[in-house]
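Peer 1: Heads up: the protein sequence lines correspond to chains A and B, in order. In terms of the numbering used here, the first sequence is residues 1 to 491. In terms of the numbering used here, the second sequence is residues 1 to 95.
Treat each hint with caution, since some may be false.
Claimed, not checked - Lysine to any residue pairs mimicking SDA-like chemistry, simulated, CA-CA at most 20 Å apart:
1. A/K335 - B/I76
2. A/K335 - B/K78
3. A/K84 - B/V77
4. A/K84 - B/N79
5. A/K335 - B/P81
6. A/K240 - B/V56
7. A/K383 - B/E39
8. A/K389 - A/S212
9. A/K246 - A/D465
10. A/K20 - A/E57
11. A/K307 - A/Y425
12. A/K462 - A/H237
13. A/K394 - B/N79
14. A/K383 - A/Y373
15. A/K389 - B/P51
Stated by the list, open to error - Each pair of labels, with its calculated beta carbon distance range:
16. A/D487 - B/D65: 30 to 40 Å
17. A/E451 - B/N22: 34 to 44 Å
18. A/K269 - B/D57: 22 to 32 Å
19. A/E451 - B/L62: 48 to 58 Å
20. A/G148 - B/Q40: 37 to 47 Å
21. A/E451 - B/K59: 24 to 34 Å
22. A/K398 - B/Q40: 20 to 30 Å
23. A/A293 - B/A50: 37 to 47 Å
24. A/A352 - B/G48: 39 to 49 Å
25. A/V247 - B/Q82: 39 to 49 Å
As the list claims (entries may be wrong) - Just a few of them, taken from the derived set where beta-carbon distance is under 7 Å, the chain A residues facing chain B:
26. F21
27. F98
28. I315
29. V331
30. Y333
31. Y346
32. Q359
33. Y367
34. L379
35. K380
36. T386
Calculated from the structure, these hints are not laboratory results. Quick reminder that beta carbons are idealized off the backbone N, C-alpha and C, glycines included.
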Amino acid sequence: MAELTGLTIADMRDGLRGKKFSAKELVEAHIGAIENARMLNAFLVETPDKALAMAEESDKHLAKGEARPLEGIPLGIKDLFCTKGIQATAGSHILEGFEPPYESTVTHSLWHDGAIMMGKLNMDEFAMGSSNETSYFGPVKNPWRRPGSNADLVPGGSSGGSAAAVAAKLVPGATGTDTGGSIRQPAAVTGIVGMKPTYGRCSRWGIVAFASSLDQAGPMARTVRDAAIMLGSMAGHDAKDSTSLKVDVPDFEAALTGDVKGLRIGVPKEYRVDGMPGAIDKLWQQGIEWLKAAGAEIVEISLPHTKYALPAYYIVAPAEASSNLARYDGVRYGKREDGEDITDLYKRTRAAGFGAEVQRRVLIGTYVLSAGYYDAYYLKAQKVRTLIKQDFEKAWEKVDAILTPTTPGPAFAIGEKSDDPLEMYLNDIFTVTANMSGLPGISVPAGLSDEGLPLGLQVIGKALDEETVFRVGGVLEDAAGFSAQPDVWWR
Amino acid sequence: MSVDQETVRRIAHLARIAIEDNQVEPLMEDLNGILAWVEQLGEVDTDGVAPMTSVVDAKLPLREDEVTDGGYAHDIVKNAPQTEDHFFMVPKVVE
Chain A
1 MAELTGLTIA DMRDGLRGKK FSAKELVEAH IGAIENARML NAFLVETPDK ALAMAEESDK
61 HLAKGEARPL EGIPLGIKDL FCTKGIQATA GSHILEGFEP PYESTVTHSL WHDGAIMMGK
121 LNMDEFAMGS SNETSYFGPV KNPWRRPGSN ADLVPGGSSG GSAAAVAAKL VPGATGTDTG
181 GSIRQPAAVT GIVGMKPTYG RCSRWGIVAF ASSLDQAGPM ARTVRDAAIM LGSMAGHDAK
241 DSTSLKVDVP DFEAALTGDV KGLRIGVPKE YRVDGMPGAI DKLWQQGIEW LKAAGAEIVE
301 ISLPHTKYAL PAYYIVAPAE ASSNLARYDG VRYGKREDGE DITDLYKRTR AAGFGAEVQR
361 RVLIGTYVLS AGYYDAYYLK AQKVRTLIKQ DFEKAWEKVD AILTPTTPGP AFAIGEKSDD
421 PLEMYLNDIF TVTANMSGLP GISVPAGLSD EGLPLGLQVI GKALDEETVF RVGGVLEDAA
481 GFSAQPDVWW R
Chain B
1 MSVDQETVRR IAHLARIAIE DNQVEPLMED LNGILAWVEQ LGEVDTDGVA PMTSVVDAKL
61 PLREDEVTDG GYAHDIVKNA PQTEDHFFMV PKVVE
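Looking at chain A on its own, in the form it has when it is part of the complex (with noise of 0.2 Å):
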């Protein structure tokens, strides 16, 4: 049955409902690709036994003719939500081990919609990294090999294993979140679909905090279709997070007509970078013509705080993360490391449970909050945000929705540029800006790289317009006809 894990989630929607196959038969050809792919190292906890009953769960509900949203589809969730009495890491040796007592709002929803928890999946230690590579529990690889070549590439992050396992076929659609980029770059370079949706539209409750003014849960999946009918189910106002929005969660499958005709796309001159491979400048310039052959019209916008929204964001996320990490004392939950005294107990269990990057931007954040430097770094760093969201502001007097590449390049070798954090930080240079002002972005497959990698287009909304991002991402996917396919050599 390895054919089922071709499918998309709108696919095996219809042949679970037309009884083509059962939800059994569709988990037991996920479990034999997850088995398969170990060397891919993207997942940190396979769930079958869970599956396997979920699933049963699911073919009763099928049977009955009661199948809910996402009934039968098995799921991929980044180990950054917890999960109840499953273990939830962040990627991090601080919290090996740990198994929440409770269930993250976002996934509650999607077992509540019918949807089958396949495992948890391997990511960037507690969100922080571009590449997978700063996760405890080692790198996560990219299915796609440069061709002719054997070296592992990265994956993207934070969200790499879910970026892999979905890219892999080992399952439909997988949970992310992305705080500076960290599901729609990953997306990109694995040549997968990956949504950020407005913030407050998915409940941060029950999802491992980073920078909590950024952080925000969306759908990795294969097509537009499968984003939104994902992000359909993880979407909603939730009372136990005081920033989730208090509106009606629209149909965003119906959003995607294929219909942009008058749609004003703007195309900030700010994202032509120096250095950027003529690729990426290539398919940017593709972009524009497909909007412009289905009717779409294109409008040149700037954008001019850009630049600094990256360095304004190595100012505000590490500030956040410094506050939300101090909860990692060696005391209530994960490791510990004994001491002369208390605060010798959690120096030390800080210093043993955090890795290298964790650390950097733990005493970055400390710096900036500290007597003396909060007015030059952090209040700073938050007025520049202001007048990033008001270039957007200035922008949707003019456009609809915004293009740009989502990446200034294809994946890296492992290994390439873990050295210098600042050559990682500008991985995120597209997407940060979405983050810093809070609005919906998708990252839509759209070519390969002069060396056959995937790259991604990026579509900017509105806050709350996800319709219009999804409406013009779909438009883009049609339009490329992405097919190609990594060599599978991870079985």
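Dock chain B against chain A, hints included.
Peer 2: Using the frame of chain A, we list chain B on its own:
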């Protein structure tokens, strides 16, 4: 602005992260690299600009001040490294 070795030690103490002597120098270089890079924000004129406090236009919701959850101490302490009678155990903090 840049940090010296003494500042690195002070930040690490504030962050409650133990660092070895041989880590101070490389950490100082890392932090100064990042700080020099974020220094470019100084080019931006932010006079009269309000710092962002909320990225979406939403008012923080209020609710009645009442107990809505709880009563499962066993679950709360389940993941703790050391507990006794539903208490978290730590080294003696009061003489």
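Peer 1: So, for every hint listed, does it hold in this structure?
Peer 2: Hints and how they fare:
1. A/K335 - B/I76: 16 Å, holds
2. A/K335 - B/K78: 13 Å, holds
3. A/K84 - B/V77: 15 Å, holds
4. A/K84 - B/N79: Holds - the C-alpha atoms of B/N79 and A/K84 are around 12 Å apart, at most 20 Å.
5. A/K335 - B/P81: 7 Å, holds
6. A/K240 - B/V56: Holds, at about 17 Å.
7. A/K383 - B/E39: Since the Cα atoms of A/K383 and B/E39 sit roughly 14 Å apart, the hinted pair holds (cutoff 20 Å).
8. A/K389 - A/S212: 17 Å, holds
9. A/K246 - A/D465: 15 Å, holds
10. A/K20 - A/E57: Holds - the C-alpha atoms of A/E57 and A/K20 are around 17 Å apart, at most 20 Å.
11. A/K307 - A/Y425: Holds - the C-alpha atoms of A/Y425 and A/K307 are around 13 Å apart, at most 20 Å.
12. A/K462 - A/H237: 19 Å, holds
13. A/K394 - B/N79: Given that 20 Å is the threshold and the Cα spacing comes to 49 Å, the pair is violated.
14. A/K383 - A/Y373: 15 Å, holds
15. A/K389 - B/P51: With Cα atoms ~11 Å apart, A/K389 and B/P51 stay inside 20 Å; holds.
16. A/D487 - B/D65: 30 to 40 Å: Violated, at about 60 Å.
17. A/E451 - B/N22: 34 to 44 Å: 39 Å, holds
18. A/K269 - B/D57: 22 to 32 Å: Between A/K269 and B/D57, where Cβ atoms are some 28 Å apart, the hint holds.
19. A/E451 - B/L62: 48 to 58 Å: At 55 Å between Cβs, range holds.
20. A/G148 - B/Q40: 37 to 47 Å: At 40 Å between Cβs, range holds.
21. A/E451 - B/K59: 24 to 34 Å: Taking Cβ atoms as reference, A/E451 and B/K59 lie about 50 Å apart, which means the hint is violated.
22. A/K398 - B/Q40: 20 to 30 Å: This hint holds: roughly 28 Å between Cβ atoms.
23. A/A293 - B/A50: 37 to 47 Å: 42 Å, holds
24. A/A352 - B/G48: 39 to 49 Å: 47 Å, holds
25. A/V247 - B/Q82: 39 to 49 Å: 44 Å, holds
26. F21: With a closest approach of 38 Å, the A/F21 hint is violated.
27. F98: Holds - the Cβ of A/F98 comes within 7 Å of chain B, reaching about 5 Å at its closest.
28. I315: Since the shortest Cβ distance to chain B is 6 Å, the answer is holds.
29. V331: 5 Å, holds
30. Y333: Where the cut-off is 7 Å and the nearest Cβ of chain B is about 4 Å from A/Y333, the hint holds.
31. Y346: 4 Å, holds
32. Q359: 6 Å, holds
33. Y367: Where the cut-off is 7 Å and the nearest Cβ of chain B is about 5 Å from A/Y367, the hint holds.
34. L379: Holds, because the Cβ-Cβ distance from A/L379 to chain B comes to roughly 5 Å (cut-off 7 Å).
35. K380: 6 Å, holds
36. T386: Interface hint status for A/T386: holds (5 Å vs cutoff 7 Å).
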